[in-house]
Amino acid sequence: MSNRRTFLKVAGFTVIGIAGRRLLSGVAEASVTATAPHRTGRRWAMVVDPRKCLKDQGCRKCIEACHSTHNVPAMPEPRHEVKWIWKEPFTKAFPDQEAEFIDETLTSQPVLVFCNHCDNPPCVKVCPTQATWRRDDGIVMMDWHRCIGCRYCVAGCPYGSRSFNWRDPRPFVPNVVESFPTRTKGVVEKCTFCEERLAEELPPACVAACPEKALTFGDLNDPGSEVRSLLRARFAVRRKPALGTHPAVYYLV
Amino acid sequence: MLYDGGKILTGLGVFLVAGLLPFWHNAVAGRGPKPEPKLATTETRCVEAKATMRASHMELLNRWRDEVVRRGVRTTAASDGRVFEMSLTKGCLKCHANKKDFCDACHTYLAVTPYCWDCHVQPKEAAS
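One line per chain: the protein sequences are P and R, in this order. Using this note's numbering, the first residue of the first sequence is number 1, and each one after it goes up by one. Using this note's numbering, the first residue of the second sequence is number 1, and each one after it goes up by one.
Please keep in mind that the hints were generated in silico from the structure rather than gathered at the bench. Check before you lean on any hint, since a few could be wrong.
Claimed, not checked - In silico EDC-like links for lysine to aspartate or glutamate, alpha-carbon gap of 20 Å or less: (1) R:Lys94 to P:Asp143; (2) R:Lys99 to P:Glu81; (3) P:Lys55 to P:Glu88; (4) R:Lys90 to P:Glu200; (5) R:Lys90 to P:Glu104; (6) R:Lys90 to R:Asp118; (7) P:Lys185 to P:Glu200; (8) R:Lys90 to P:Asp143; (9) R:Lys90 to P:Glu195; (10) P:Lys240 to P:Glu226; (11) R:Lys124 to P:Glu201.
Every value quoted in this text rests on a predicted model; they were computed, and no experiment measured them.
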C-alpha cells in the first residue's frame, strides 16, 4: 500500500518537474525574442488604388524604381524572368472575382501586383531552411544567405510572387547599385516591402516613385494611419481570399 | 623477419618522397612571400583589435549578417564602445575599399573562396 503511494507521489512530482522546466524554458526564450526590434507593434500593409494607377497605362515608374533599387535582373528569356512587382491581367490577378458587368476600365486593364506579405504565408510554411519567415511587423522576409534554391516557396505561393534565379543574374542587372546586393544563381527572390528603406524611415521605393499616389503604405495596427482611413472610406478586395492567406495588400474598388 | 620487406620499404620510400612532395618543395625552395594586405585609410583601428579581426573577422561578419537580416538590428557597439553600422558595403568597405589588394591577398594565399562577393557588390576601384 505505502509502496504504491510513494510510487504515485514520485511519478507525480516527476511529471510536474518536467512540465515546469518546459514552461520555464519557454518563458526564457520569449524574453529573449521580445527584445528583437521587429516587435514594434506595427503591421505594414499596402493599399493600391487601381483607378489612379490606370490613369497612365504605359506607366512603369514603380516597377523601374523597385527593380533598379534592388538590382533585379532583366532576363532576356521569359522563362528566366525575375520580378518583384509587375502588372497582371485582371482575370489572372482576381481569378475568383465572379461578379459580372464590373466597370470595364478596371477589368480590361492589368493590375499592379507584388508579394502580398500574407498573415498566413504558405511560402514560409514550406521553406525547409527558414530562409523565408514572417517578421513581427508582418513583412515576409528572405535571408538570401540561407536559401538553398529548393523552390518549394515558388510552388507554395499562390500569387506567383517569387522568382527563381535560373542563371547568374549579375550580368543582366542594367545598373548595379552598390549599396544593395544582387542574388546568385539558385536563389529565390521577391518583394521585401523595402525592408532596408523602412529601417531608414523611408517609404518603399514603388510608393515614392508613383506620380499618381496610387500606392499607400502604412501601419494597419494604427487606427489613424492613412491605410486604415482609406480602408474605412472605401471598399477594398484582396487577392484569392478563399485561400485564407490574409494578404496585406488591398485593392480599392 | 619482414615478409616482402624490400617491397614494403621501397613503397614507404616512394610515399615519403611523392606524398610529401609539397613539404620537400617548401623545404628546398622556401615558403614564398607572405601575403601583405594593403590598406588605404587614415583610420587606425578596425571594429576590434587587429589580431582579433585577423583571426575571426569571418565570425564577426556572420554575426552581423544574422543580426541585420534576421533580427533587423542594424547597429552594434564594439568592445570599446564605438558604434558601427553593421553593413559590408556601407561599413567595412569604407576603409577596406580595395578587395584585390586587401581581401584577396590572404584569401588567395590560403586558397579560401568566401562567397560574399557572389552577391555583395565590390567597389568600382577594385573591380577593374
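Hint-by-hint comparison with the structure:
1. R:Lys94 to P:Asp143: Violated. R:Lys94 to P:Asp143 sits at ~24 Å, over the 20 Å cutoff.
2. R:Lys99 to P:Glu81: Not OK: R:Lys99 and P:Glu81 at ~31 Å, beyond 20 Å, violated.
3. P:Lys55 to P:Glu88: holds, 16 Å
4. R:Lys90 to P:Glu200: holds, 13 Å
5. R:Lys90 to P:Glu104: violated, 48 Å
6. R:Lys90 to R:Asp118: holds, 17 Å
7. P:Lys185 to P:Glu200: violated, 29 Å
8. R:Lys90 to P:Asp143: holds, 19 Å
9. R:Lys90 to P:Glu195: Judged against 20 Å, a Cα distance of about 16 Å means the pair holds.
10. P:Lys240 to P:Glu226: Violated, at about 24 Å.
11. R:Lys124 to P:Glu201: Not satisfied, since the Cα-Cα distance of roughly 28 Å exceeds 20 Å.
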